[in-house]
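Chemist: Okay, here's what each chain looks like letter by letter:
Protein chains: 2
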Amino acid sequence: MVSLKHESLHAGIVDPEMDSMRILSETALRFPDALSFSSGAPYDGNHDLTNLSFYIDRYIKHLRDSGMPEQRITRLLFQYGPVNGFIQDEVALMLKRDENIDVPAEAIMITHGFQEAALVALRGLFSSPDDVLLAVSPAYVGIRGAARMLGITVRGITEGPDGMDPEDVAAAARAVRAEGKRAVALYVVPDFSNPSGTVLPLQARERLLEVAAEEDLIILEDNPYGLFARDGESKPTLKSLDTDQRVAYLGSFAKSAFPGARLGYLVADQPVTDATGSTRTLAQVLSKAKAMFTVGSSTLSQAAIGGILVENDYDLRSATRELAAVYIERLDATLAALAEHFPPERSAEHGVRWNTPRGGFFLTITVPFTADLAAMERSARDYGVSWAPMNMFYIDGGGDREIRLGFSNLTPEAIREGIARLARFIGETPRD
Amino acid sequence: MVSLKHESLHAGIVDPEMDSMRILSETALRFPDALSFSSGAPYDGNHDLTNLSFYIDRYIKHLRDSGMPEQRITRLLFQYGPVNGFIQDEVALMLKRDENIDVPAEAIMITHGFQEAALVALRGLFSSPDDVLLAVSPAYVGIRGAARMLGITVRGITEGPDGMDPEDVAAAARAVRAEGKRAVALYVVPDFSNPSGTVLPLQARERLLEVAAEEDLIILEDNPYGLFARDGESKPTLKSLDTDQRVAYLGSFAKSAFPGARLGYLVADQPVTDATGSTRTLAQVLSKAKAMFTVGSSTLSQAAIGGILVENDYDLRSATRELAAVYIERLDATLAALAEHFPPERSAEHGVRWNTPRGGFFLTITVPFTADLAAMERSARDYGVSWAPMNMFYIDGGGDREIRLGFSNLTPEAIREGIARLARFIGETPRD
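Chains as they are written, first to last, in our numbering: chain A, 1 to 432; chain B, 1 to 432.
Hints are computed from structural coordinates only; laboratory data are not their basis. All values derive from a computational prediction rather than experimental measurement. Only true hints are included.
Ranges of calculated distance between the beta carbons of each label pair, as one might list FRET restraints:
#1 181(A) - 216(B): 33 to 43 Å
#2 216(A) - 66(B): 51 to 61 Å
#3 276(A) - 424(B): 28 to 38 Å
#4 370(B) - 130(A): 32 to 42 Å
#5 93(B) - 373(A): 36 to 46 Å
#6 100(B) - 377(A): 36 to 46 Å
#7 61(B) - 280(A): 37 to 47 Å
#8 378(A) - 158(B): 50 to 60 Å
#9 66(A) - 201(B): 45 to 55 Å
#10 127(B) - 276(A): 31 to 41 Å
#11 216(A) - 153(B): 30 to 40 Å
#12 127(B) - 370(A): 25 to 35 Å
What the simulated footprint calls covered on chain B by chain A, stretch by stretch (three residues with Cβ under 8 Å from a Cβ of chain A suffice, anywhere in the stretch; the number is not a length):
#13 46 to 57
#14 76 to 84
#15 139 to 149
#16 294 to 302
Where is the CB? At the ideal position from N, CA and C, for every residue including glycine.
Only chain A is shown next, with the shape it has when bound in the complex (with noise of 0.2 Å):
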């Protein structure tokens, strides 16, 4: 047995917090009976198998209808490509038509996902043991595992019903200031956030952005769900109200897109000037750091979603209008099914109440007892239905007897089957 002579196999990897990742994805493996709603998966049955060669054929068509020598394509693709990728143009028509971003494509580094994305901006912007990160707590796992891999201290401002409070944001950084430390950057998700579902109001926005200049933060804003709301109810985006530069946008092809390309980007626009004078955009000179994680990133992955881009005319907001339909579906699908089996007229006898989000994959319940790992295990094998314990989101402490829902990937019947096998699960679990 090796982990005996190699000591310190244990201590730097078996860490029970980054593991929360781990468990979630594990849980369906675990009880393949029960109806999860443990995972963020995204509809997927709507892919066909051919349309994998017909992107990244139409992506070669668009460079060839441009132009572009056919030696000069194949290398492209075939080759080390550049580090921040070959995309940018696509993706800026893309930000531009979905989400009024106006950005040069040279303010972009296309990624291995969100979570690279999230690295390398942590990597650039974190220099010193007393920066701090502050971040919207419930928060997605993925920033606090990169915050943690790169050994960058993380601050949660808990959020309320309609997501943080900028106030909260500029005492926080005061708070860290005052301890002598430095606050860098705060991580948000103001569109239907992973895990709560909530949405920050237009004019906690505005604040948030002045908030920003006045404490010299960064924004990293990540926008993985803001595609899935109802229509006509969109809010602009904090990079599309940003104009002094605040922030770095993280976007994920992930939901609009799909998952196994793994294919995301940063936008940072910022201007850095380095020694000899000359002045780059913060995504160009992050692209050091980038090549230091994974190179440049797929060029397979690259072509398949310039392709669709190309496809779709640059726009993915109605590209995905069908696919927000089947989302907003399975919500209601979920808040219907909660309000027959928990009526609210009758809240103080059952104690379960929930959020009632506009959109996205998640919303939360609230449940008279601890919702803990072992708790949703027994829900899981016991009544044949899986959720996330709200706890492991939380950044310091807090969401003891929240559920976190997702329902993106379950048909309106199943989650009407779950949300009835949740209701006897709740109906039998003693009050703590």
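Since the structure of chain A is provided, determine the placement of chain B on it from the hints.
Modeler: Below, chain B alone, put in the same frame as chain A:
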């Protein structure tokens, strides 16, 4: 200018040591008329764009032939997949055939290239600020970059003409211990090292494994060039000699298939037992760190590489024989041109020496003046030939009068012209 407001943008980002990769990669762009010996890009003259779809479809056919239902294949390629990848069976077969490395699929993690494999291994093995990475010096900049991203201290073991001396490794591990720190792992490229082209003799390989056991080191064996030896001259990898699970093997498909896929892998068969007493491989345990770098690896890249493996019967050594002959021809052309311009019998006069690797992508020249970046730029601008200063690869300084020549992506004709230009540059540069 935001950089005035965000003063931290300078501190974290502008780091000259980390910039060598960018400088090298931009050399070709800055001096488009120069013949470039500065990169180690593989030969790309034999690629065909139609192969991209072909290989992906070949892998899909392989899955169908294995009896996997269509819906599961579709999910595997479009949805979030297993963090450690899905082509481990195919890679295990290849490792057995190509390198006589006999490991189960669960000891393999598919990564976004060598770089991510190195990050994951380092993050898993290093936990304390007193943990030190020993590395051959000069070394590939990627390993230093990975260590730097994670704040890990690196100490160099200076190599000789036959690579590193295992006794130097033992001495370095003891010296680190005497300082109250701990040498956790050793990074080495036993076959045709980048940048020097050295090969570790068989006896040194065997002794290195003993030293690893004596000093409780994990060896990180990086082997991108092993396939590119002369027929019959390949040496066994450290991993194939490793009866004690001392070696974690870092593989790349950048040279054996193509760089654009950004695909590599980590072989880590060390058993790790957790608190509950259950044992998994180190590769499985490190899944947690991989999830925090880029989650899974691009399914398109995995399918393309999987298709190449299936199509070539898991035998990339045979599949790359023609390619290996191309590199050997280029190596020989470089050595012949050097001998013509710098006759060994007149070495006292011209002051130029070089090593004579038997394969790989690189060789090293010693010149009678300081061969720094300024000299390289003069060479590229005024003489039309670029190369890499060896100094940028040394960990604790050194190599000030050494040049790395990468001959892998130049035709013999271009090599002869390039060495003629280099001879003029060297001849006209004053000794210092």
